[in-house]
Amino acid sequence: MIDILTLAYFMVFIPLICAVVVLSLKLLPLKLPQKICDCANSALSMLASFLTLGISLLLFEYTLTYQGYVLENNYPVCAMQNILLYFGIYTDNLSGIFIVLLSLFFFIANIFSFRYLLQNRQGFARFYIYLNFMQFFAYCFFASSNLIQSVVFMMAQSLMLYLFANFYFQKPLSQENSKKVFETNVAADLILFGASVAFLYFSTIATDTINAPTLGFNNINSLGLYSFASLNPLIFALICLLFIIGAVIKSAQYPFSICANGNSQAPNPVFSIIISLIVPGQAIFLLLRIFPLLNLTPALFEILKIAGIITALTAALSAAKENDIKQICADLAVSQAGISLFILGFKMYDVCIFYFLCAAFGVALVSYTLNTVSYSTGSQENIKFLGGLREKLPFLTCAYLAGAISLCGFVFSGFYPKAILLGNLSHAGKTIYLTLILICSFVTAFYLFRVYFRVFEGNYRGTIEPKRASRTMIAAILILLLPCIFFGFIFYNKAGAFFTLSGRANLGGSNPFMNVLAFLISAAGYYLAYNIYFTKRLHSLRIRPLRRLAARRFFADDIRDFIFRDFILFVYRIFAFFEKYVLAFFYAIPAFLSAVISFIVQKTQSADLNSRFFKALIWIFLITLFTCLIYFKTGVVR
Amino acid sequence: MENTVNTFIYSLLPLLAGLVIFLGLFKNNVVLIRRFAKYFSLLFFVLSVYIFFFKSSNFELDHVFLSTFYPISPFSGGYITGFDTPGSLFAALISLIVLICFVCAKSSITKKQKIFYPFVLFLESSALVLISAGDFYVFCAAALFEVLCVYILANIFMPQKTARQGTKEYLILNSFFIFLLTGAFSLIFALLRHNGIDANIPNFIHNCRDISSSILFIVFIPLLGLSMIKLPFFPLHRPLLGIIENSNASFACVFLTEFILGFYIFIKFNLYALAPVFQVFAPIIAIFAIFNVIYFSILAFGQIDLKKSLGYFAFSQSSTAICAACSLSIQGIEGAIFQCFSQSLILLGLFLCFCFASKIFKTTKLPFMGALATHCPKLAALCFILTLAALAMPFTSGFCARFLCLCGGFSTEIYSQNIIWICTILILIGLIPGMFYLIKVYQNIFFGTDECEKCKPHDLLRHNTVALLIIVGCVCALGITPCILSDAVSKYADMVISMFLF
Chain A
1 MIDILTLAYF MVFIPLICAV VVLSLKLLPL KLPQKICDCA NSALSMLASF LTLGISLLLF
61 EYTLTYQGYV LENNYPVCAM QNILLYFGIY TDNLSGIFIV LLSLFFFIAN IFSFRYLLQN
121 RQGFARFYIY LNFMQFFAYC FFASSNLIQS VVFMMAQSLM LYLFANFYFQ KPLSQENSKK
181 VFETNVAADL ILFGASVAFL YFSTIATDTI NAPTLGFNNI NSLGLYSFAS LNPLIFALIC
241 LLFIIGAVIK SAQYPFSICA NGNSQAPNPV FSIIISLIVP GQAIFLLLRI FPLLNLTPAL
301 FEILKIAGII TALTAALSAA KENDIKQICA DLAVSQAGIS LFILGFKMYD VCIFYFLCAA
361 FGVALVSYTL NTVSYSTGSQ ENIKFLGGLR EKLPFLTCAY LAGAISLCGF VFSGFYPKAI
421 LLGNLSHAGK TIYLTLILIC SFVTAFYLFR VYFRVFEGNY RGTIEPKRAS RTMIAAILIL
481 LLPCIFFGFI FYNKAGAFFT LSGRANLGGS NPFMNVLAFL ISAAGYYLAY NIYFTKRLHS
541 LRIRPLRRLA ARRFFADDIR DFIFRDFILF VYRIFAFFEK YVLAFFYAIP AFLSAVISFI
601 VQKTQSADLN SRFFKALIWI FLITLFTCLI YFKTGVVR
Chain B
639 MENTVNTFIY SLLPLLAGLV IFLGLFKNNV VLIRRFAKYF SLLFFVLSVY IFFFKSSNFE
699 LDHVFLSTFY PISPFSGGYI TGFDTPGSLF AALISLIVLI CFVCAKSSIT KKQKIFYPFV
759 LFLESSALVL ISAGDFYVFC AAALFEVLCV YILANIFMPQ KTARQGTKEY LILNSFFIFL
819 LTGAFSLIFA LLRHNGIDAN IPNFIHNCRD ISSSILFIVF IPLLGLSMIK LPFFPLHRPL
879 LGIIENSNAS FACVFLTEFI LGFYIFIKFN LYALAPVFQV FAPIIAIFAI FNVIYFSILA
939 FGQIDLKKSL GYFAFSQSST AICAACSLSI QGIEGAIFQC FSQSLILLGL FLCFCFASKI
999 FKTTKLPFMG ALATHCPKLA ALCFILTLAA LAMPFTSGFC ARFLCLCGGF STEIYSQNII
1059 WICTILILIG LIPGMFYLIK VYQNIFFGTD ECEKCKPHDL LRHNTVALLI IVGCVCALGI
1119 TPCILSDAVS KYADMVISMF LF
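These protein sequences, in sequence, are chains A and B. Under the working numbering, think of the first position of the first sequence as 1, with each following residue one higher. Under the working numbering, think of the first position of the second sequence as 639, with each following residue one higher.
Watch out, some of these pointers could steer you wrong.
[To be verified] Pairs of lysine to any residue residues, derived as SDA-like cross-links and limited to a Cα-Cα distance of at most 25 Å, are as follows:
hint : chain 1 : residue 1 : chain 2 : residue 2
1    : B       : Lys-1003  : A       : Phe-577
2    : A       : Lys-35    : A       : Ala-475
3    : B       : Lys-945   : A       : Ala-588
4    : A       : Lys-384   : A       : Thr-435
5    : B       : Lys-1003  : A       : Gln-170
6    : A       : Lys-171   : B       : Thr-1087
7    : B       : Lys-945   : A       : Leu-546
8    : A       : Lys-171   : B       : Ser-1054
9    : B       : Lys-1003  : A       : Val-571
10   : B       : Lys-946   : A       : Phe-575
11   : A       : Lys-171   : B       : Ile-1023
12   : B       : Lys-1129  : A       : Tyr-86
13   : A       : Lys-31    : B       : Pro-1015
14   : B       : Lys-946   : A       : Tyr-86
15   : A       : Lys-305   : A       : Leu-546
16   : B       : Lys-1016  : B       : Gly-1111
17   : A       : Lys-580   : A       : Phe-592
18   : A       : Lys-580   : B       : Phe-929
19   : A       : Lys-171   : B       : Glu-1091
20   : B       : Lys-806   : A       : Ile-600
21   : B       : Lys-1129  : B       : Phe-691
I should point out that these hints are in silico values taken from the structure, not numbers from a laboratory.
Working from the sequences, and respecting the hints, build out all of it.
Now the structure itself:
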């Protein structure tokens, strides 16, 4: 009988085994037909993802059944000096639910991928190797038992993000975006890594050896308290600040939205996972894990609030101006991640998880639906050249509407967390933030229905006749549609069961007035989009400064480029000038001096005492001597 | 008798091998010369690895393969040679680097092989003598001979003006500090003999606590200067940069040997032997190191010359190791040695990759390179792994090195703790431009616009592939099982820390 722990390890390593097998199939000279190899790769990967999904459900069921029991196991893998690094599994309710979400998304991606890759039959094996590695790293991250493991696998995931962003490396845009994505992720990883190492040392400052498991999540609370008590508060706050900055960059917050937008050149099936779960999920999960630590420095939560709400608004406004399907999806994801961080900034731990999960389902559904539309219309990704697809693709229309309605918070899953959030904000009297969230809802509703009217209503403006979506793609979307509709309701009613372990089952209450207000504001967004893009009774808004700002993504890329490129180049120019002229001058001084001295020596040894040179030299010497004498003489008198 | 022959012969073996080639035993048979040098280096590398593992498993022995005899003078106390732990480690590393450079020399050194191989072997021999020397004069003589080898090699094989200028300045600066050092050592020599103690380096290290700080300071400055030229530190980096800029794949051994020697002198003398003085200077050196990290990283980022930019990057990486050593904690010193080892391997690999790339494009300017990945997938893959290692990605040696360096930086217990903490945080910021540089360079060479139209791109030759695979193998092995190195080094770090009184 296999115990649950073995199964958990099995779940983590299945993708790795699958990736190794696919890699071996590619490297071994088997001389099988390409088609068979591709099918084998796909089938193997799908089987692996199905198995992991089953095991993750078992694991989640286990954590729910045995409430209060955490599945934990650690293996020491690496000893450096007195630091013992562990690889382990730590599964509580939080990681359980994230692992289920992850498994489900990767299963859907596998279903979706086969048809997608059949389009051009390029990089079949490479895709599945990357996909399985990404899944393996994601499992290692979400199930990690300690902070160091989390950061290590987050760094490894950055590599996968780069590889996927550069999957079609022949495209210049892909190369440029992948570079930016990698740069941003690497910088964030380095910051998080530094913060983790600092915390590793400072949390165990009084002990001779650093005890096992190193920075384990099971005792992060006590480690935080201990270091808070023993450290200089400024240093403790600095460590927490580094964690927050790293997480803000990783979760593609303003102005680092390139982390999500830059992946638009990744293959469609994996793009949806990246934007809906990997990019925002990792950072938010890490912040949730170290929540007890951050809780000791409450002032820093303001950063999360401000960064979150700015991101939510700017990304939503950018999406309202955008015409590219993938960019819209990325902006949608970034906007929702911003709201999740904003919620965490108010220390609403449970609501943050709830909102993030509901948003992840919604974003994934919208993204997969639009990607399927793109597939059906011959890779057309500009919504200006789409339209009238409601009759040709009715199922996709329904799926998109379900996702959009959920994300706008009208009904379905998205309604519950939004209602709770607004209720809590109004209860706390945070009027400004409440207003900003309502504006964000309005813009979200506007651009989601703008896309709907552009893509599914009106007349078809494309050149290629749309084809039917394949059954596998529809099946994948159907799997996503169910949680997008029902998850919120189930979670809301079973919140106690989900959070029993942490004892934080406190979602807060909703305010009926706020719900009605939010509904009306979102409806106004819908109505505006309806009038502009469907009935065309109104022209699109001509607020030029706003349009320009949105078109340039509120200078997010410029700010990022300034921080990561222009500023460094500016300093480089100063240093290069110094290197080229000042340093070169100093290096030239000894040679110059030796040349002058040798010249003088040569002249003096010519023994021509009547020469002008010798006379001049004597005069200079005498004048210098007298000047010195006079100076020192007067100095003494004074 | 067994002890008498071992280290002495070991460190002079490359000299003998070089002489065999130089004196014309193989006449002008290029193939024979190349094979002899290559297989000799292979055997020598195996021997070096054996010495390292022997030393790490017998740490109690102060110096392994100790040789003692009296050929120098009746007062000197005998010519002592022997390897301590980092010495044996760096000796193995130098022999590996020389081996790999010889493997690559097949395609990069097409003329004057009769000079190249012997002088690289002389260089290796003098480096090993410097590492193992227990005698003051032998140490100085080896240092001078080693710089002369660099000078001759660079002068013969690098006709460019910047290289000539660089080698000349390098020789002058090194000679200056070596002569200063000779004077300082004479003072120590006289002092030890005056007290009836055999005047050699081990005795100097054992008795340094009894020597006045001002005298130790006199020794400290030239030693620091010598290591600062070799590592190098701002503003002494220009000569070595001139050499790197004009090197090809086979000359990687020249400047990497210099890095290693500089670091070894720093660890053995400045840090360990002159601990009382170092304790005072540690924060200042750390601040200098941080400045170096930031300065060189930024210069690397903006530079368009491939080899020059790698040179700047190398300087910034070696300063990271120095900053870690300045923390005076066990993890810091261990991290510094780990970083030096890892960085040398990674830089060697990257330099080879960049040399192969620049050979294909017939230029070293980045704007004229691009899209090599489609033509040379093997080179792209191996270079990518090395780039990741330099970026300190997990499961590579770079990650372990950076982890230990940061850990060491935070665990410092010296009196100016706050400075080291701030320096460690600044390291993080300083390393970011370096990372951007690597990503930019990799993308530029292997992706981007296709610049291969005029050139004839060909993937790696077999010997070059083998050379890169060895490096990648070492980098990954150290990343997965860092205990191979850290176990051996930790005892040494412990011993160094015991010299400091907090």
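Straight-line alpha-carbon gap Lys-580(A) to Phe-592(A), limit 25 Å: 17 Å, holds
Agreement of Lys-945(B) and Leu-546(A) with the hint, judged by alpha carbon distance not exceeding 25 Å: At roughly 46 Å apart (the allowed maximum being 25 Å), Leu-546(A) and Lys-945(B) break the hint.
Lys-171(A) and Glu-1091(B): Cα distance at most 25 Å? 18 Å, holds
For the pair supplied as a hint, Lys-1129(B) and Tyr-86(A), confirm whether the alpha-carbon distance does not exceed 25 Å. 23 Å, holds
For Lys-1016(B) and Gly-1111(B), compute the direct alpha-carbon distance and say whether it is at most 25 Å. 15 Å, holds
25 Å Cα cutoff - pair Lys-946(B), Tyr-86(A): Answer violated: Lys-946(B) to Tyr-86(A) is near 40 Å, above 25 Å.
Lys-305(A) paired with Leu-546(A) [C-alpha distance capped at 25 Å]: Since the Cα atoms of Lys-305(A) and Leu-546(A) sit roughly 23 Å apart, the hinted pair holds (cutoff 25 Å).
Lys-1129(B) and Phe-691(B): Cα distance at most 25 Å? 14 Å, holds
Regarding the pair Lys-946(B) and Phe-575(A), is the alpha-carbon distance no greater than 25 Å? 15 Å, holds
Measure nothing beyond the straight line between the CA atoms of Lys-1003(B) and Phe-577(A); if it is 25 Å or shorter, mark the hint as holding. 19 Å, holds
Has the given pair, Lys-580(A) with Phe-929(B), been kept, meaning a C-alpha gap of at most 25 Å? 18 Å, holds
Within 25 Å, alpha carbon to alpha carbon, are Lys-806(B) and Ile-600(A)? 24 Å, holds
The structure fails hints 4, 7, 8 and 14 (numbered hints given earlier, in ascending order).
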